[in-house]
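Chains A and B, in that order, are what the protein sequence lines are. Sequential numbering of the first sequence, starting at 607, is according to the numbering used here. Sequential numbering of the second sequence, starting at 660, is according to the numbering used here.
Rather than coming from a laboratory, the hints here were simulated on the basis of the structure. Check each hint, because a few of them may be wrong.
Between beta-carbon pairs, the in silico distance windows are [unchecked claim]:
id : chain 1 : residue 1 : chain 2 : residue 2 : range
1  : B       : N694      : A       : S651      : 56 to 62 Å
2  : A       : S637      : B       : R754      : 35 to 41 Å
3  : B       : T757      : A       : T713      : 36 to 42 Å
4  : A       : G741      : B       : G862      : 45 to 51 Å
5  : B       : A669      : A       : G632      : 23 to 29 Å
6  : A       : S651      : B       : V781      : 31 to 37 Å
7  : A       : T724      : B       : R754      : 52 to 58 Å
8  : B       : L792      : A       : A704      : 41 to 47 Å
Only some residues are given here: those of chain A computed to face chain B with a beta carbon under 7 Å [claimed, not checked]:
id : residue
9  : E670
10 : R676
11 : H748
12 : V751
Partial pick of chain A residues on the chain B-facing surface, computed with a CB cut under 8 Å [claimed, not checked]:
id : residue
13 : S637
14 : P672
15 : D725
16 : L726
For clarity, every value in this text was computed on a predicted model and none was experimentally measured. Every residue, glycine too, gets a C-beta built ideally from N, C-alpha and C.
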Amino acid sequence: MFRIALTLLAIALLAGACSSSEPVEGIEPPSPVTSEELQALLADSTGPVVVNVWASWCTPCRSEAPLIGRAATEYADDVLFIGLDVRDTPEGATAFIAEFFPDAPITHLSDASGQVPTDLGGSRGVPLTFFFRPGGELSYLHFGVIDERTLALQIDELVNG
Amino acid sequence: MEFTLLAAAAIAGAAAYIMLWWEAKHGNAARCTGNLWEIGLVSTVAGIFIGRIVAMLVDGVNPIAHPMDVILVRSGVSTVGASLGAAAVFAVQARKNTITIADGISAAALAGLAGWHAGCLVRGSCLGTASDLPWAIAQEGSTVTRHPVGIYAALLLAIAAIGLAWWKAYRRPPEGSPAAIAVIAAAGIRLATEPFQPSISGGPVWFYATALVAGIGVLAWSIVRRKTA
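Turn these sequences into a full structure, and let the hints steer you where they fit.
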């Protein structure tokens, strides 16, 4: 039993060590954005906006990314999804986008300082998910990994509220 | 805030244990609360672990390359994977007396599920689709009133658990029928409440329907078996 556990641990560590953040061809790195620019984008929005804050080094972000990608695809006609990559490298960001959001209709932006989420009313921790009504009014802010029920409920609030 | 899942799990565990404790005093066929508790707990934890790995695989995340993701159960646990995984682990643990132990644990399993759904009060995840019914509730800062679907599920499961425990204690049901009733209740209640649940890609309705039919089949088998015995 101990040998099996040790072997599995060794495989897991080896597989983890083999993963890398190489630049990905065909995927553009997220465009840099400031707090003022993002707030102006939200103020000008005519529909609901979901801003998901992530980073490629953040394990919880990785675990919620498939759900965010599915939601963005499902609500592409009703909600604008923005992925805000913070305190990250362009290589890490493109690898993350290529892995989780290759086809998802998400506008990817980056904030190397990590200050933008704080200015929007959040914190420096990731992941964070902001839900904005048209015009940029904050409807709900979720700290940490978001689950499917919460995401669906808050999107429904934006779309039908 | 991330610990609200643990709080909901603690409520579920307490509800299941209280039910086992009550049944031990009222003629639970298995008459072994400690063993039933251990079997139930191990099956549940293993089921959640398996369900999480299945959810990762479905989402395209390699669990071997990202082993730490397994503990992030909030990101999603496959209901199908968890249910089948828990059932398989249960079957291995109870292989010498499967039907009796399944009957013994049936009401406690329903009570645990009721406790888990009641945990939505701690998690802040009770609300479902929009509704104009008098008891519909709006979340803070919203004007949209909604079905408290988590409470619906908790109440229905609690009623089923208490009814099943009473039936087992005072009516001596055919062997296998309490476990079948538990499966029918759990699947039927999930099937009935699913339309009120907020969801991105929809719940596994086909799985609940299959479990419901399987439960009815086992119930019919247990009744026929007793009559022919």
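Verification of the hints:
no., hint, in the structure
1, N694/B x S651/A: 56 to 62 Å, "holds (59 Å)"
2, S637/A x R754/B: 35 to 41 Å, "violated (59 Å)"
3, T757/B x T713/A: 36 to 42 Å, "violated (54 Å)"
4, G741/A x G862/B: 45 to 51 Å, "violated (33 Å)"
5, A669/B x G632/A: 23 to 29 Å, "violated (47 Å)"
6, S651/A x V781/B: 31 to 37 Å, "holds (34 Å)"
7, T724/A x R754/B: 52 to 58 Å, "holds (56 Å)"
8, L792/B x A704/A: 41 to 47 Å, "holds (46 Å)"
9, E670, "holds (5 Å)"
10, R676, "holds (5 Å)"
11, H748, "violated (9 Å)"
12, V751, "holds (5 Å)"
13, S637, "violated (26 Å)"
14, P672, "holds (4 Å)"
15, D725, "violated (21 Å)"
16, L726, "violated (17 Å)"
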